[in-house]
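Undergrad: Keeping their order, the protein sequence lines are chains W and S. With this note's numbering, the residue at position 91 of the first sequence is 91, and numbering never jumps. With this note's numbering, the residue at position 183 of the second sequence is 183, and numbering never jumps.
Any given hint could turn out to be false.
[As the list claims (entries may be wrong)] To spell it out: a stretch of chain W is covered by chain S in this simulated footprint if at least three of its residues, at any positions, have a beta carbon under 8 angstroms from a beta carbon of chain S; those stretches are:
id	region
1	438-448
2	501-513
3	519-526
4	551-565
[Said to hold, decoys possible] Here are some chain W residues pointing at chain S (derived, C-beta under 10 angstroms):
id	residue
5	Leu331
6	Tyr394
7	Ile396
8	Val460
9	Met463
10	Leu570
11	Phe571
12	Gly574
Just so you know, the hints here were simulated from the structure itself, not pulled from any lab data. This one's a predicted model, so the numbers in the text were calculated from it and none came from an experiment. Ideal Cβ positions, reconstructed from N, Cα and C, are used throughout, including at glycine.
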Amino acid sequence: MISYPRWKIALVAIVILIGVLFVLPNLFGEQSALQFAKDGGVLDEGDRVAIEKLLTDKGVVPTGAFLDQGRLTLRFTSTEQQLKARDIVAEARHDQYTIALSKASRVPEWMRNLGLNPLKLGLDLRGGVDLVYEVDVQGAIKQQLDHEEQDFRASLRNARVAYQDVVVDYPKDRVLVLFRDADSFAKGKAAIVADNRNMTFTDTSVGGAPALQFEMGAEEIKKREDDAVQQNIVILRNRLNSPELAVSEPQVARQGVNQIDIQLPGLQNSAEVKKILGKTATLEFRMVDENDNPLEAAATGHVPLGTKLYYTRDKRPVLLKREVVVTGDELTDATFQPNGQDGPAVSVGLDSRGAAKMLKNTQENIGHLMAVVFIDRSREKNAEGVDVDRTTEYVINQATIRGVFSNNFSITGVNPVEGRELALLLRAGGLAAPLTPIEERAIGPTLGEKNISQGVDAIVFGMLAAFLFMGIYYKVFGLIADLVLVANVVLLTALLSIVGVALSLPGIAAVVLTVGMAVDANILIYERIREELRNGVSPRAAITAGFERAFSAIADSNVTALLAGLVLWLFGTGAVRGFAVVLVLGIGTSMFTSLMGSRALVQVIYGGRRKLDGLSI
Amino acid sequence: MEFFHKVTRFPFMNTRKVWYGLSAVLIVGSLVLAGVRGLNLGIDFTGGVVVETNFPQAPNLEQLRTALAKAGVAGAQLQAFGSSRDIRVRLPPDPNAKGDQLGARILAVFTTVDPGVRVQSTSVVGPQVGQELFVKGAWALVATLILIAIYVLLRFTFKLALGAILAVLHDPICVIGFFAVSQMTFDITAISAILAVIGYSLNDTVIVFDRVRERARTARKLTIAQVIDESINQTLSRTLMTKLVTLLVVVALLVFGGETLHGFSAALVIGIVAGTYSSIYISAALALDFGLRSDDLLERKLTKPEEVDGLP
């Protein structure tokens, strides 16, 4: 008898069983579906009936319809039907709905409740849009410095200290507060330091006059950059998840130091999404200066002290006080109401700080005019291809404060398109730093399907070739290797389903390569057994020696491939990482299956025999 | 069935000058070709726009070119890929290019030629991405080589390690030479294939070296050249068998995997062939010429008495 511990055989059996369990959800496949969202609102039962009727009239019958959180999902039997349905609705109800192609899983509910989910597919396999944005971290630093400048001015103003100027020196990442004399310097420094206790300041002098300097250190800069990227990711996620955009399962992830990768499965036209993603719209509430004439200020260019000249959308000048009552950062909620009492409105909620300020302001200014300023910063390329930041500011509305209010109120005077977008952007928050698109890839749904079928073909034919070869060359042992190969692919698929890594085309290539390498390990073992047999060792001893001695060779051959895989994992992004992840996991499963799985099978086949005359190898 | 029932007796060491010569021709040829013809870099590296379209029947490329030129789409390269009905349009990087717009524009132009045309995919890559990727790819290559060098150094003596690393360097150069000759698109997946090949092909070398070390200890009467010859011959069966099966699988990938994986699987095929060649003919031979002696391998036996044994 060849001995091999029973618990090891049991372990192999259990692992394979668990593997099969996790692979099961992948057998149900997916159904093509369409996801509808409505501009500026939610879809209801009426929309569902209308859309279904529209499609049924044209002979495209959906197999299922579900309303969920104001979005409608329709399922179809084929991609062809799905695309046809999209074209029908898009044509008949132009501009009324945003439509995304998606896939609805056929996995039964109970299975999903057990946490069993099918493999995620990468964009190259399911179709969709991949966007890469670069975060302008320099811009984030600039914003921070500008913010400090405003803060220092406020501190000095509150302490009533006379100062010459506060200047931001961008290239050196510092802010300089310039004073006229030592006396005001001492007072000013005390005021600023009191308000900013956690910051470090240095005394310096500019042109003989004393000055106070705040410089951002390397660490602070790095932290600010990290924050900016992270904050932008959160905000982009919020924007993508809002019901106004029909995007299913958007993925937003940091890529490298200052890039953000956004994957939008099923999406075909990225224009709408990109318009929303790159925006940095916000609001400011300011009191109107009712004592001066805005027309005169606009004509002469002379703006009264403490005010700033704005224009309304229809180009009428308005003078607003310099102090901001509340900014968009203090908003906690914003919803668009298309049918408000006074036309379309955005109802907003303020956080406690904003609410307190608004309360104080409305108490003091009943009967006066307050204005809402819309600010939109966008980044565009000019004719030379250089990035230019463009700021659009205009007054949305001016209204008389009729009563005291604090944390909840409505802004009227918006048009429907603007209101919907504003609500979305306000709710998601402002971008911490400007974004520049640097990469965009769109893969059509039919190409995705073609990629899947080609990938599956490659795996099937590759495995078939390996199967035949092993069976012919190593006979029974070859068949054992074939079973082990199947187990390897099952385990790898299970592992990928569990980890939730999206499988891409290069990932499929890695599966194929792993199959090759798993065969490799079996060949190492069998060649060793053959060599032992050739040297006249008994079959039993040959099996034991073959597995034991081949171990170091298998380990060796995998260590170097593992090293390369890990480097790829670390350096790579996107497709390369998809390849590396599968390669590294595949090396793990192939080692387990060839060493333990193969050994257990040999034990099951040959282990019980009292007498072993030869091996079929 | 068994191809190598008897252990072969190929005189690898005596004929090594011939193999060096072949390798030298391959390396110099690859580098010269890469320098003269250059590589057909994918938009991953150059930046630019690629739009892939599918026609109901094979279009006339000339007609499409004229239509594009007339519509003011400048610098477009047209190429059939996969089948003659699949046409790929490539445009140089343009800072003002917006992916969705360009895709729509090309579709509009093509629709005038054949109304049944569909856009399969659109890729827009900014020029700064390519540069970054190039640097990243180079770093990945260097990091892999360093890690592998450290591993081999820990495992073997300096002379063997040097032979292994030089032999490993030989493989990616051959792959690059192949890409220069075939003018296949060299993209980021080709680089990952090269890295995988480096990791994968080194294990043959490791196994040969393992056997060399084992034989050097047991067969004290043989010269080191004889030991190396014997070791390579003894491991030849498994080296060739494993590579043969892996090649079978990778060729399936090349044939069935589709256009997207062509460059990748081609790089794997060439890399595996080159890797097998270099680990049989070059790595141990180099170690011999670096002055490897049996004593080098014995010293380690004293420090590590229970070293793993060599392999078939």
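Undergrad: Was the hint right that W:Val460 lines chain S, CB cutoff 10 angstroms?
TA: Nearest chain S Cβ about 8 angstroms off; hint holds.
Undergrad: Regarding the hint that W:Phe571 lies at the interface with chain S, is the smallest CB-CB distance below 10 angstroms?
TA: 4 angstroms, holds
Undergrad: Against chain S, run the beta carbon of W:Ile396 and see if the smallest gap drops under 10 angstroms.
TA: Since the shortest Cβ distance to chain S is 29 angstroms, the answer is violated.
Undergrad: Counting residues of the region 501-513 of chain W whose CB is closer than 8 angstroms to a CB in chain S, do you get three or more?
TA: This one holds; 6 residues, not fewer than the three required, reach chain S with a Cβ under 8 angstroms.
Undergrad: Hint validation: W:Tyr394 versus chain S, beta carbon distance must be below 10 angstroms. Holds or violated?
TA: Hint on W:Tyr394: violated, closest Cβ of chain S at ~26 angstroms, above 10 angstroms.
Undergrad: Should the hint that W:Gly574 touches chain S count as held when the rule is a Cβ pair under 10 angstroms?
TA: Check passed: Cβ of W:Gly574 comes within 8 angstroms of chain S, closer than 10 angstroms.
Undergrad: With a cut-off of 8 angstroms between beta carbons, are at least three residues of the region 438-448 of chain W near chain S?
TA: holds (count 9)
Undergrad: Hey, does the W:Leu331 contact hint survive, CB to chain S under 10 angstroms?
TA: 31 angstroms, violated
Undergrad: So, as I understand it, the hint says W:Met463 touches chain S; can you test that by seeing if any CB pair is closer than 10 angstroms?
TA: 7 angstroms, holds
Undergrad: Is the coverage entry for the region 519-526 of chain W by chain S consistent with the three-residue Cβ rule at 8 angstroms?
TA: Holds, because 4 residues of the region 519-526 of chain W bring their Cβ atoms closer than 8 angstroms to Cβ atoms of chain S.
Undergrad: For the region 551-565 of chain W, do at least 3 residues have a Cβ located nearer than 8 angstroms to some Cβ of chain S?
TA: holds (count 12)
Undergrad: Are W:Leu570 and chain S close enough, Cβ to Cβ, to be under 10 angstroms, as the hint says?
TA: 8 angstroms, holds
Figure legend: structure checked against the earlier numbered hints; hints not met, in rising order: 5, 6 and 7.
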